[in-house]
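Undergrad: So the chains spell out like this:
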Amino acid sequence: MKILVPVKRVVDYNVKVRVKADGSGVDIAHVKMSMNPFDEIAVEEAVRLKEAGIASEVVAVSAGVAACQETLRTAMALGADRAILIETAAELQPLAVAKLLRVVCASEAPQIVLCGKQAIDDDANQTGQMLAALMNWPQATFASKVTVAAGEGKATVTREIDGGCETVEVVLPAVITADLRLNEPRYSTLPNIMKAKKKPLAVVTPESLGVDIAPRLNSRHVAEPPQRAAGIRVADVAELVARLKSHGELL
Amino acid sequence: MSILVIAEHDNRVLKPATLNVITAGCEIGGEVHLLVAGSASTAVAEAAAKVDGVARVLHADADHYAEQMPENLAALIVQTVQTVAGAAAYSHVLAAATTAGKNFMPRVAALLDVAQISEIVAVSSPDIFVRLIYAGSAVLTVESKDPIKVVTVRTTAFTAASKNGGTAVIVPLAPAADFGRSRVIGRDLTQSARPELGAAKIIVAGGRGLGSSANFHALLEPLADKLGAALGASRAAVDAGFVANDLQVGQTGKIVAPQLYIAVGISGAIQHLAGMKDSRVIVAINKDPEAPIFQSADYALVGDLFEIVPRLTAAL
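Heads up: the protein sequence lines correspond to chains A and B, in order.
Going by this note's numbering, the first sequence opens with residue 1, and the numbers climb by one from there.
Going by this note's numbering, the second sequence opens with residue 1, and the numbers climb by one from there.
Take these hints with a grain of salt, some might be off.
Claimed, not checked - Simulated coverage check for chain B against chain A, where a stretch passes if three residues somewhere in it have a Cβ under 8 angstroms from a Cβ of chain A:
| hint | segment |
| --- | --- |
| 1 | 66 to 78 |
| 2 | 101 to 111 |
| 3 | 182 to 192 |
| 4 | 245 to 254 |
| 5 | 305 to 314 |
Stated by the list, open to error - Simulated pairs of lysine-lysine, BS3-like, Cα-Cα distance not exceeding 30 angstroms:
| hint | chain 1 | residue 1 | chain 2 | residue 2 |
| --- | --- | --- | --- | --- |
| 6 | A | Lys197 | A | Lys50 |
| 7 | A | Lys16 | B | Lys277 |
| 8 | B | Lys145 | A | Lys20 |
| 9 | B | Lys163 | B | Lys50 |
| 10 | A | Lys154 | A | Lys99 |
| 11 | B | Lys201 | A | Lys245 |
| 12 | B | Lys145 | A | Lys99 |
| 13 | B | Lys226 | A | Lys245 |
| 14 | A | Lys32 | B | Lys277 |
Calculated from the structure, these hints are not laboratory results.
Just so you know, even glycine gets a beta-carbon here, dropped at the ideal spot from N, CA and C.
From just these sequences and the hints, can you work out the full model?
TA: Structure representation (structure tokens):
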């Protein structure tokens, strides 16, 4: 059974992004880029399924600029077997990425697409669900536990939902999206990083896949969020209670 | 131009989140229709018809909508949108940016071949919306060029529509075919007498400073109960195993905006602030005077939380 893991190259989790003065976007020149943390969790889960003898091959795929090759090498250092880069310098929105992945799914025929629930740059939380819709596959989003019964062609997924959790059973092929607590990704070791450099990485383009990636949303303006006014330091509990009571309806 | 809002419910009651989405729909303008898909869900449709601002309730009732699985819900929404043409055609499909809305709405967008605008916090015009990116570090104003706008709404950014005053007609809707390749086999919802995090007026949240699960409960529960507040937690507290995942407030947890947020022993990582900085009044209690949480707090109390919290509980 093959697992396809889409991964996105994003501004590193620890970088505090700055909004450009002209309001055209955020400044991502010269900042550290990494694999989207939720995608890293997806890679880890796919590799664990391979180590458990359930998956036979893990294929990482990314869409974006040539530097996404680094992200794919990271996925292969974590244990993915090979990689596909859909290379383009054009802006990619979730629907376009889902359409690109649909073409990859058609040729690779994975039983499971395992991806992060959202990317930490655009915070869209769309691509996995969109791909499932385009493939007419079931979906199990926000996964905190994945059990695959390959023989029965089914996966059982515990999902994090408002107020608790839910367990769903989906017939494969299906899309599963990873939430934060699905697993803790391993660190890649130096030997594995060296090995990853020799693993196959194919490069295709949106044009060669015949997919229209024209953006549907037009970014008009990006601004700094409003800042909260500086607060008051209270001396003790009595003063705090008095201050809160001055707000009337609060307490 | 009409706006289709997808109701969130449990077949018995309409979830409050839907009321905020209806307000967002009214701000866009046009007639607001509410789609209720469920099983034995007549009570929900009747409650929906009374909500102020709703012109029509579309009610689909079938066994395969009992769990509101995304595959079935998306197919029904798409069928509904595509059946209505002309002047009454739907220009917008709206749902709450809850875990339910986030699950089925991108599916709707893809089937309609349109983009989704995720988790809006303001409506600038019927085509232009405001949303946050980079965990709230930047505010994006975005324009949709699609004929139908599929939009999820951050509920804390819009007031709730009144549950009374509406006199909408209820129109029965023929169900779409059952997808049949996914099913719910279990649900484990946290039982609590306290209000739900997303709907609470007051939240008492704890961080790593509490030190242990026992301390978290022993100190914060009496305070929360005194205030009628919901309990929340930072990711650090959840990762340390003090409380369950569903209490987590932050970028990767719940986004909340209560009237009063009391942060106890929370340092104030960016990812936590992203989830609570829209609260009306923020109180921070922390022993470290340099803790970043104090920069976002209206009232800062520096000191030992193990002394302060019991005193605060007693003083209220």
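Undergrad: Hint by hint, say whether it matches the structure.
TA: Evaluated hints:
no.: 1; hint: 66 to 78; in the structure: holds (count 4)
no.: 2; hint: 101 to 111; in the structure: holds (count 10)
no.: 3; hint: 182 to 192; in the structure: holds (count 9)
no.: 4; hint: 245 to 254; in the structure: holds (count 5)
no.: 5; hint: 305 to 314; in the structure: holds (count 3)
no.: 6; hint: A:Lys197 - A:Lys50; in the structure: holds (20 angstroms)
no.: 7; hint: A:Lys16 - B:Lys277; in the structure: holds (17 angstroms)
no.: 8; hint: B:Lys145 - A:Lys20; in the structure: holds (24 angstroms)
no.: 9; hint: B:Lys163 - B:Lys50; in the structure: holds (6 angstroms)
no.: 10; hint: A:Lys154 - A:Lys99; in the structure: holds (25 angstroms)
no.: 11; hint: B:Lys201 - A:Lys245; in the structure: holds (15 angstroms)
no.: 12; hint: B:Lys145 - A:Lys99; in the structure: holds (18 angstroms)
no.: 13; hint: B:Lys226 - A:Lys245; in the structure: holds (15 angstroms)
no.: 14; hint: A:Lys32 - B:Lys277; in the structure: holds (26 angstroms)
Taken one by one, the earlier hints all hold for this structure without exception.
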